[in-house]
Amino acid sequence: MPPRVDKEKCDGCKAEEETLCEQVCPGDLMTLGENKKAYCRQPRDCWDCMSCTKICPVGAIETRMPYQLGYHGAKLIPMMGTDNITWTCVDIHGNVERFRYKNRVEPE
Amino acid sequence: MDKIIPKIGIIIWNQGGRLSQAINLDALVKKFTKAKNVACCEIVEELWTTAFFDSLKNSAENKQVDRFLWIGRFTPYQMKYIKGPLAAAGLNPYLHEWMDLEDQGICLKETEPEIRAAKAATLIQMAIARTRLLEPLEPMELPASDAILIIGAGIAGLHAAESLSALGKRVYLVEKESGVGGKVALLSRFYPRICDPHCGLEFTLQKLGESDHVEFHTLSKVQALSGSPGNFMATVIKTPRFVSETKCNACGECLAVCPKEIPGLYPVSDNLKAIHPPIPMPFPPAFAIEREHCPPECRECEKICPAKAVDLNQMPSEEQIPIGAVLITTGWDLYPLSAVEEYGYGRFDNIISNLEMEQLLSSHGRRLTHPAKLSLSDLKEVGFIQCAGSRDERHLPYCSSVCCSATLKQILYFKELVPDASCYVFYQHIRTSGFDEDLYRKARELGNVTFVRERPAKVEHDNHQGKLNITVLDPLLDKKIHLNLDLLVLAGGMCPSGGSKETAQILNLPQNQYQFFESHLQCHPEESQRTGIYVGGSCREPMNVSQSIDSSHRSAMQALKYLEGTVRIEPTYPVVNKTKCDQCKRCMEECPFSSFVFDEKGFPTPDLARCRQCGNCMGICPLAVISLNNNTIKQLAVQIEAVNASFMGKNEPVILALLCENDAHKAARAAVDQGLPVPPNAIVIKVSCAGSVNNAIVADALSLGIDGILIAGCKDDQCHYIKGSQLVQKRSGDLSDKLKTMMIEPERVRFVNLEIRDAHKYVDVLNTYIKDLKGMGPNPFKI
Amino acid sequence: MSKEQPLDIHAIPTEVIETDLLIVGGGNAGCFAAIEAKKLKSELKVVIMEKAHISRSGATAAGMDAINTYIPPGKTPEDLVRWSRSQVGGGPLREDLALSNAQTLNGAVDDLASWGLPIIRDENGEPQYRGGWDISIHGEQLKPIMAEKAMEMGAEVYNRVVATNLLMDGDTCVGAMGFGVRDGKFYVFRAKAVIVSTGGACGLYKSYTSDATNSHHQTWMCPFNVGSGYAIGIRKGAEMTSFEQRWVATRTKDHCGPVDTISVGYKSNIINAKGERILEKHYAHLGGDKAPRYIRANAPMEEWLEGRGPTFADTTHLSPEEAKELKTDYLNERPSFVLFLASRGQDITKDPIEIYGSDPYVVGGHTGSGYWVEVNRMTTLPGLFGAGESAGGNPNKFVGGCAAEGKLAARGAVEYLGSVSLPDLDLQQVEQEKERVFAPLLRGAEFDGVSPLEMEERMQRLMDEYAGGTSQFYRTNEERLDYALKHLKMLQDQVKLLYAKDLHDLMSAHEAIDRLDVAEVLTHHLKFRRETRWKGWQTRSDYPDMDPKFDCFVESKRNKETGEIETFTRPYEQIVPGDRYQP
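So the protein sequences, as listed, match chains A, B and C.
All the letters of the first sequence, read from the start, carry residue numbers 1 to 108 under the working numbering.
All the letters of the second sequence, read from the start, carry residue numbers 1001 to 1783 under the working numbering.
All the letters of the third sequence, read from the start, carry residue numbers 2001 to 2583 under the working numbering.
Please keep in mind that the hints were generated in silico from the structure rather than gathered at the bench.
Each residue gets a CB set at the ideal place from its N, CA and C atoms; glycine is no exception.
Keep in mind that a hint or two might mislead.
Some chain C residues close to chain B (C-beta under 7 Å, calculated; not the full set) [said to hold, decoys possible]:
#: 1; residue: E2123
#: 2; residue: M2151
#: 3; residue: E2152
Have a look at the derived ranges for each label pair, beta carbon to beta carbon [stated by the list, open to error]:
#: 4; chain 1: B; residue 1: K1650; chain 2: C; residue 2: G2107; range: 46 to 52 Å
#: 5; chain 1: C; residue 1: G2125; chain 2: B; residue 2: M1140; range: 56 to 62 Å
#: 6; chain 1: A; residue 1: K102; chain 2: C; residue 2: D2347; range: 22 to 28 Å
#: 7; chain 1: C; residue 1: L2497; chain 2: A; residue 2: N35; range: 48 to 54 Å
#: 8; chain 1: A; residue 1: K102; chain 2: B; residue 2: P1093; range: 17 to 23 Å
Residues from chain B that keep clear of chain A, each with C-beta distances beyond 12 Å, as calculated [as the list claims (entries may be wrong)]:
#: 9; residue: N1014
#: 10; residue: L1376
#: 11; residue: N1448
#: 12; residue: D1478
#: 13; residue: G1733
#: 14; residue: I1756
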């Protein structure tokens, strides 16, 4: 499951030692390439948890389905709010479905 | 930790019917008295009565109410009059919230009553949501030094030192030369009185010498600066002068025995001995030795010195000096005129700079050791080329503002000394501004001073007689003039000194495109963009002597707040939530004032003394874990959550307008005050800087169904916080791109520039946005 | 970004850290253990050793949509134990562990709610039940919430440090060792007590979608949990229990995502290609739709075998609103499933969701596999405690139960370490482990040997074909198991040929090594239990029926002298009265 990095948008997290996607990936799969852009070193090992997609500050990462499993062109885009998350799903026929819910409530 | 249950007291100031004429206040009171955490909600017609204030104090003291929401139009003075007495009754001044319904257009007659009512309800809902989350806050007092470091002991630095020491502040003056005085000490005369600058300098130096608050460090430079405003630590390195500063009394016996002559500061300056009095001015008085020029084994000065002051084994030393603020007055250098090839500077001895002309004029009456052996009285034909290497794209593109006046002063003084000399001024424009016009008039009245409104294309040297041949086309007379000059003086421009550039690097200070210190010229000319470090005098931009003195005093005044023994930090500073921070350090990189440092665990944390509390860190944090006290992400989020995205009815879009408080918000307010037809669709939230708007907040607003988000801030080069507008534009651009992938119109997030009086533009912007949003249709997230 | 690889072991720095409590694996149980330990004694130094980053590591990386066990008002912890017991066909299970867990369970879930986890509530503010014991949550931030709380309580977290072996003082565990996958250092943690909470073991078997392009890790279980926590105990002779009780479940076909949400939460029946309700039709005698989980896991596979596939969870009865809610649930736990449906253009109210069995896992949170532990969660190695999926004997823990395990293990460990003082550091043990750890890296990328990927793939296909993987419909027999053991031994022998080209690869190499040790124990357990008690989880073609002789726990221990796995039994003890086979 390759997370795709848009090289135009990716700023390599300002070429920090560890990019945010690299920091968060539970499988140690994201890393900074020679061109100072992030990429997934082993797409077949991705578990599509989408942590990288959610954390990218410039929205440069998109999660894709492997072609083995699903056809090309569908999209699932998360947008993080302060205590909520909004998901937009576009299927291969162009139908759009939107979801929004709170993912944090006030701690007691 | 016990959770505090808020008890909000809502006071609606009807001001004799102003609000109730526009909306049904009773209905609002009925609705909001029942709201969660509201202790009471009342309408008050007359606010400024003792009885009313007593009742408020009572409620606060009896803990019936622990915070107030004031609805109505309150000026800042009035807010003070309310907060003060209630603070005395124990209510922290930060536990007040103010909601001006009029500001948001509630009283505008053009808006329909239902809309006005719905909007008022939503605005109050928002204000209550924020009021619930208010917290009592206290300012902090950090201990601070009472000392200031002044880098550069020229006229600006010396005068600032005098004023500050007179106020009881300790002053450390660091100067790279062996003596003080800078460029002004090199001048022969200054205008407008054509008097000797050494007189004024001596006057100041005497006071400084007597003060026990001032310490001079000559032959010294600042190598490093650590710490934070109020508590800096400067590392100053001193090159050895090889003479004891305590023992030497400048008797001069050594001068007679020193076998070695070395060149002076400038080609036209007198030669010096290897051991010499401090230059440019002999203050502090101890002599200095240019050790690299000493003949091997020579110790004549040491032998002869009656005070045993010569110490040939002196080593460089380093000192750590604790200070509260730094004032940089490192002055200017002359533009290297050899770059202006057409005028031949450096090729011939009788082509000199205006600074060297000052040296020459100072030499009157003395025998010169200058190689050209020019004697003033020999100079009968003297030319002055103005704007030499200035206002020229190839060299300095700007005007140095003083060279015309300086040249005219030189002519006036020169003609005193050599009355029968002829002077020629080759100029583009004579820029003697203000009262300096007088110099121009006097020069013309002198006789034998010719002004030619053209500069020579080239200068040729007549090897035979040593004179300079100049040909120039006078445009006013429309004929060529041929001249044979004894001396040509090039009026060179002022550029940042080597010391300025070095200091900029060591202290990591931004420079503008001309490499002068970058400051916010109109409003904060003293700033260097690093809190606690100020700039004054001509290291900031070309200026004359009195302007330099003014400028450094402005900076000194501003620096005072870090020299008071304590630094007061307003409580509205940013706080980083370190359990959530992932150390991406974007806050550190983007802070316009480089205010972030690392804490012991490697988390970015703001240096509270440096921080300007602009909120850009709050805006940039990708996880939204930085909040400004009293202006937190959560406080903003609950307001947005409280917005009724359908208050305008079915077909009208609702816009959330996040307006920066410096400019954009004032424009919006002005639009209402001027009675302009402001459409009611916008809900306005004031923010500290457009750059403080976090993408997560915008995401909240969009996902809750608000049709459009308008972010407005100052223009790029006018932002009070330097780049807040730029930063938010880039971020909102990224968010717009994401919106596209989410099949949402990217234009639902819009950024505009608004200046403080752009009331009409504000109305236009809203109207255009409303039209565009109607074309897009309602936000897909709208319920 | 990996650093320059050193060519010399002496150039690799060793960092030694002393702590009171070491937690290996900063997941759900690990974070809860840290928080509880700090709550009990805030002055204790608590270190979490985590091979990823605790904010999103482990099985809850994407989130969670439900807490599968939360005791509702009117029910007791004993009721929960009874239900759990029936779900595993009457056991055997460790009822003492199950009871202590059930007593701590609600407190752990309430903790999560108090830290900000949104629990879906009804109009009265009570948690909304979607099944008998399951409550719904919007848990997309579940992991960050736990991680932040652990940080807030003062746990010191070492992210990106892989645990490779325990540090022992004779038979007592006094810490753990490992390496930094970013900084390339060798780490030695000296601890008075160690809690192992590394989750279960995934990737022992070949996933049926595993191929060259991008879907190798299309597993239900987190593929980054490889059973290292088990392996480090196995290697030091700790006793393991019930590994043969593998977790095999019905999952969405190909995507391999959770299905309980659909079947339990949205009452979607499992149907075959003929539209027949399988559970009702064929398993009514075992409870039909309420039949034990392994029945539900195996049922679709039987349909395929009998030629009545494909099989589906029938969602065609859902209204559009319910379908949307269902997708919202998935977005909270396995968001890619929504993308999966979108990339097939599938409207689940018209086309039901296809289901199939998953690859088998060793998952102590769902079944009883794991360390044999006492009630205080201490394993048979003094000083080593098991929490969460690492602790065995108690199936049906899930998220809430593993959180409770973390608390229980912390309590046990904190009490234990009060009387412990650290022995001197065994430098020889440290040096030996350092050499073992870095050996593949020091061999270098050009070494003529075996890559971690090759070893992993070889093992996965071996297990699939011989130890009851998906391609075999989970069935195996004595001869195949012996074959598997023989070849596992050869693979273990060839571990000395593993090479790694960088630190990430080195982690893969150790994951392969750890999986081999777990697979070996698993195969022994499967071999020992000569019966079929939980069809699907453990299907013996040569012993297709249940044998009352095996109404006990199957245990194993590696003999430290011979290196052989020895298997034996422990008796089952019923504590909670009632019919074992009824909830």
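Hint check:
no. : hint                             : verdict
1   : E2123                            : 17 Å, violated
2   : M2151                            : 4 Å, holds
3   : E2152                            : 5 Å, holds
4   : B:K1650 with C:G2107: 46 to 52 Å : 49 Å, holds
5   : C:G2125 with B:M1140: 56 to 62 Å : 40 Å, violated
6   : A:K102 with C:D2347: 22 to 28 Å  : 27 Å, holds
7   : C:L2497 with A:N35: 48 to 54 Å   : 34 Å, violated
8   : A:K102 with B:P1093: 17 to 23 Å  : 33 Å, violated
9   : N1014                            : 34 Å, holds
10  : L1376                            : 61 Å, holds
11  : N1448                            : 65 Å, holds
12  : D1478                            : 60 Å, holds
13  : G1733                            : 9 Å, violated
14  : I1756                            : 30 Å, holds
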